[in-house]
Amino acid sequence: MSTESSYYVPEQSKLPIVAATGMGLMAYGAASWVIGDGNIVFTAGLVVMALVMFKWWSTVIDENMRGMANDQLKHSYVLGMLWFIFSEVMFFAAFFGALFYLRVIVNSWLGGDAAIGIFDDTPTDAAVANNELLWPGYEAEWPPLVTPDEAANGANATFIGPDEAMSFPGWAKLLSWLPLWNTVILVTSSVTVHIAHTGLKNNNRKQFVRWLGLTVLLGLIFLVLQAEEYIHAYQHMGLTLDSGIYGTTFFMLTGFHGAHVTLGTVMLMVSWFRSLKGHFNHEDQFGFEAASWYWHFVDVVWILLFFVVYVFD
Amino acid sequence: MAHGPATLADGWRAYISRWVFTTNHKDIGTLYLWFSFAMFLLGGAFAMIIRAELFQPGMQLIRPEFFNQMTTMHGLVMVFGAIMPAFVGLANWMIPLMIGAPDMALPRMNNLSFWILPFAFAILTSTLFMEGGGPNFGWTFYAPLSTTYAPDSVNFFIFAIHIMGASSIMGSINIIATVMNMRAPGMTYMKMPLFVWTWVITAFLLVAVMPVLAGAVTMMLMDINFGTSFFDAAGGGDPVLFQHVFWFFGHPEVYIIILPAFGVVSQIIPTFSRKPLFGYSSMVYATAAIAFLSFVVWAHHMFTVGMPIAGELYFMYATMLIAVPTGVKVFNWITTMYKGSLTFETPMLFSIAFVILFTFGGFTGLMLSIAAADMQYHDTYFVVAHFHYVMVAGAVFSGTAAIYYWLPKWCGKMYNETMGQVQFWVAFIGFNIAFMPQHFLGLAGMPRRYADYGLQFADWNMVSSIGAFIYGGAQLMLLYNVIMTIKFGKPTTEEKTWEGAEGLEWTVPSPAPYHTFSTPPEFK
Numbered sequence: 001m002s003t004e005s006s007y008y009v010p011e012q013s014k015l016p017i018v019a020a021t022g023m024g025l026m027a028y029g030a031a032s033w034v035i036g037d038g039n040i041v042f043t044a045g046l047v048v049m050a051l052v053m054f055k056w057w058s059t060v061i062d063e064n065m066r067g068m069a070n071d072q073l074k075h076s077y078v079l080g081m082l083w084f085i086f087s088e089v090m091f092f093a094a095f096f097g098a099l100f101y102l103r104v105i106v107n108s109w110l111g112g113d114a115a116i117g118i119f120d121d122t123p124t125d126a127a128v129a130n131n132e133l134l135w136p137g138y139e140a141e142w143p144p145l146v147t148p149d150e151a152a153n154g155a156n157a158t159f160i161g162p163d164e165a166m167s168f169p170g171w172a173k174l175l176s177w178l179p180l181w182n183t184v185i186l187v188t189s190s191v192t193v194h195i196a197h198t199g200l201k202n203n204n205r206k207q208f209v210r211w212l213g214l215t216v217l218l219g220l221i222f223l224v225l226q227a228e229e230y231i232h233a234y235q236h237m238g239l240t241l242d243s244g245i246y247g248t249t250f251f252m253l254t255g256f257h258g259a260h261v262t263l264g265t266v267m268l269m270v271s272w273f274r275s276l277k278g279h280f281n282h283e284d285q286f287g288f289e290a291a292s293w294y295w296h297f298v299d300v301v302w303i304l305l306f307f308v309v310y311v312f313d
Numbered sequence: 001m002a003h004g005p006a007t008l009a010d011g012w013r014a015y016i017s018r019w020v021f022t023t024n025h026k027d028i029g030t031l032y033l034w035f036s037f038a039m040f041l042l043g044g045a046f047a048m049i050i051r052a053e054l055f056q057p058g059m060q061l062i063r064p065e066f067f068n069q070m071t072t073m074h075g076l077v078m079v080f081g082a083i084m085p086a087f088v089g090l091a092n093w094m095i096p097l098m099i100g101a102p103d104m105a106l107p108r109m110n111n112l113s114f115w116i117l118p119f120a121f122a123i124l125t126s127t128l129f130m131e132g133g134g135p136n137f138g139w140t141f142y143a144p145l146s147t148t149y150a151p152d153s154v155n156f157f158i159f160a161i162h163i164m165g166a167s168s169i170m171g172s173i174n175i176i177a178t179v180m181n182m183r184a185p186g187m188t189y190m191k192m193p194l195f196v197w198t199w200v201i202t203a204f205l206l207v208a209v210m211p212v213l214a215g216a217v218t219m220m221l222m223d224i225n226f227g228t229s230f231f232d233a234a235g236g237g238d239p240v241l242f243q244h245v246f247w248f249f250g251h252p253e254v255y256i257i258i259l260p261a262f263g264v265v266s267q268i269i270p271t272f273s274r275k276p277l278f279g280y281s282s283m284v285y286a287t288a289a290i291a292f293l294s295f296v297v298w299a300h301h302m303f304t305v306g307m308p309i310a311g312e313l314y315f316m317y318a319t320m321l322i323a324v325p326t327g328v329k330v331f332n333w334i335t336t337m338y339k340g341s342l343t344f345e346t347p348m349l350f351s352i353a354f355v356i357l358f359t360f361g362g363f364t365g366l367m368l369s370i371a372a373a374d375m376q377y378h379d380t381y382f383v384v385a386h387f388h389y390v391m392v393a394g395a396v397f398s399g400t401a402a403i404y405y406w407l408p409k410w411c412g413k414m415y416n417e418t419m420g421q422v423q424f425w426v427a428f429i430g431f432n433i434a435f436m437p438q439h440f441l442g443l444a445g446m447p448r449r450y451a452d453y454g455l456q457f458a459d460w461n462m463v464s465s466i467g468a469f470i471y472g473g474a475q476l477m478l479l480y481n482v483i484m485t486i487k488f489g490k491p492t493t494e495e496k497t498w499e500g501a502e503g504l505e506w507t508v509p510s511p512a513p514y515h516t517f518s519t520p521p522e523f524k
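If you're matching them up, the sequences are chains G and B in order.
Residue numbering for the first sequence follows my numbering, starting at 1 and increasing by one per position.
Residue numbering for the second sequence follows my numbering, starting at 1 and increasing by one per position.
Chain G on its own, in the form it takes in the complex:
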């Protein structure tokens, strides 16, 4: 808590109000867009946000280079990043929690299997009636290739289940299973970013720049493969956002993860460009460290995803 120099309190700044305006435009534009026209307002907001974020972080980097940030301020940044990552964890927790609830509780309820208790697995009367009256013919299974709607209403259903799921295809086809490769890539990238970090700590710039560049490359490869998987799902598997709860949870979980990988890749890319310009040294590296923490976070989320979305059926 001691301060060797006084804490830097910035002068007035035009950045926040511009950022708030950008967010307002994006929010209003997005809401108008989903019900009609609004893409121009949304895009304008996006451009404003991109510019202001660039300017904002340039300002912070510039202040740091001029030595205005003392250790105490740097610690504020560290706390800010850590708690931001915690908030991201909770965002994913909402979706993982939803997946758990839908898979374990709702699915057996819709299929008429919801049990009376832990020790008595006789289905409750309510669950049986729910199944027989509302969704006759629906059987609880995961991944659900038939939606309750489809089971009850056949071809008239709104929600048509996917033709196949993304699950583990068996050991024989293991090597052609894309999610496995994505896992390998992401785990490797967590290692490479760590090697880059070690290089920086030991003042080995070459190691730092090279391994960081490799990490960015791996991130991009992951994103390309993910896009390929989505295209395959839409074109060949009948697996879409509206193919019932399996498509819903699959695309929302992997989609939000992909969005966070994109963000993490951008952060690492910025760090890489900065490293080319000679930024960062073994004492002053928070910008890069924050990006690497974020990267480890998206990696951990992926591993969880890999098991609960792809592996365990």
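No wet-lab data here; the hints were simulated from the structure.
In this text the structure is predicted, and so the values were computed from the model without any measurement.
One thing to keep in mind: the hints can contain errors.
Rough simulated footprint, nothing fancy, chain B against chain G, three-plus residues with beta-carbon under 8 Å [to be verified]:
#: 1; segment: 8 to 14
#: 2; segment: 17 to 25
#: 3; segment: 90 to 97
#: 4; segment: 125 to 139
#: 5; segment: 153 to 162
#: 6; segment: 246 to 257
Computed spacing ranges between beta-carbons, pair by pair [as the list claims (entries may be wrong)]:
#: 7; chain 1: G; residue 1: 105; chain 2: B; residue 2: 479; range: 45 to 51 Å
#: 8; chain 1: B; residue 1: 66; chain 2: G; residue 2: 141; range: 42 to 48 Å
#: 9; chain 1: G; residue 1: 236; chain 2: B; residue 2: 16; range: 55 to 61 Å
#: 10; chain 1: G; residue 1: 296; chain 2: B; residue 2: 285; range: 32 to 38 Å
Note that CB positions come from ideal geometry on N, CA and C, so glycine has one too.
Chain G is already provided as a structure; the job is to place chain B on it using the hints.
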């Protein structure tokens, strides 16, 4: 601007840019407080429309569709626009002063956190003028009412929630970083004023649950516009999932609202009892315990939804457990007053009323926690009465107490004690006339959120409406008192406005200089 803040004398441009571009925690605190008061009046106006319509049975003033929009918007504006920003404003003003910090840890982000709010509420309020009307599904926006059957404006509501959530998360991260990193030398955690403690725990709750709310509205957005089936059983989803996700946010949210209020009262009662707070460390632990429990009791809002009996029992007992740490707090406040040299200035009156009425609201909460009994109480006016006792007599009373308590420190002027006490009594009496009868209405079976009611409910509804208008009038008196104090109040330069007050905020001059604690004070 290094020589002090611009005033109106420096011209409009300089004055406006001071507030828009500010990085000063006191300016931002002031902005939050005025914004929240404006929202309080807006939400209050919606409440007045509701109570005017309910004055008599039958439809007199508005259409039922508009009534639904009013109940929804009243709840949303009061929770997200009035109460939460009011306490963030208090946090901005007081936390740096209380812990001896020069400012908040991240001042520019602090400004962003505030300025998002006017945009968010402009978007939210604009829905009332859209085709199909504004949100009409209740402030808890249960699916499928808020998805399948919602007006188009629900999309604006969703994105408004998104950006106000971003504002809350940034504001909370700022508070956590400030408290963890910027305390004056010697200010250990267990020496922090209780207001700081309750806020840092609140900030933790906010960072934990605002993203969950963002998740809930994102699922709605996808269900409405992109064909997903989170809340649609036809696709394998479940509307009850919405309630689980929402209340996982929603229950901690009610503690987000009340914990800072606990903090305020824990500052004020010792001052006017001229005794240190009784059981400081037990207060800290009780606050933490309440925060922890708030994460594991959410489904007590859903007793009638058809949960397994084991779930009902678990959520019932877990909920009752909250009464233990809350009881610790109430007993500590009372014991602080015991054998103290009490005086009853306006902040103290509001705080004592807080203790009494909040405890009353807590007891009705305990009644609601009984799963079997809740089958009767659920979605009746008994619930409405319960949460207004904890939200209004809890959060709003303590916020009002805080304004009277710290106003001399903020503006260097003393409010008129007589006017303050008159306002208190009008508010206190009006509040109880408005909400006490709603208990009777609820127990007699009157459901909430209806534009009309049976004749047997007529008398108490009329009483309740009269009380609501008295209480609304009390808020205009508060506004009058604050403006009169700022304009014509008796100047005070004393550092310690209240003789019994303790803490670093009472070591700086009144009004508090624009920049305080540029070098950290020594705290013993």
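**Request:** Of all the hints given earlier, name the ones this structure violates by number, lowest first.
**Result:** Violated: none.
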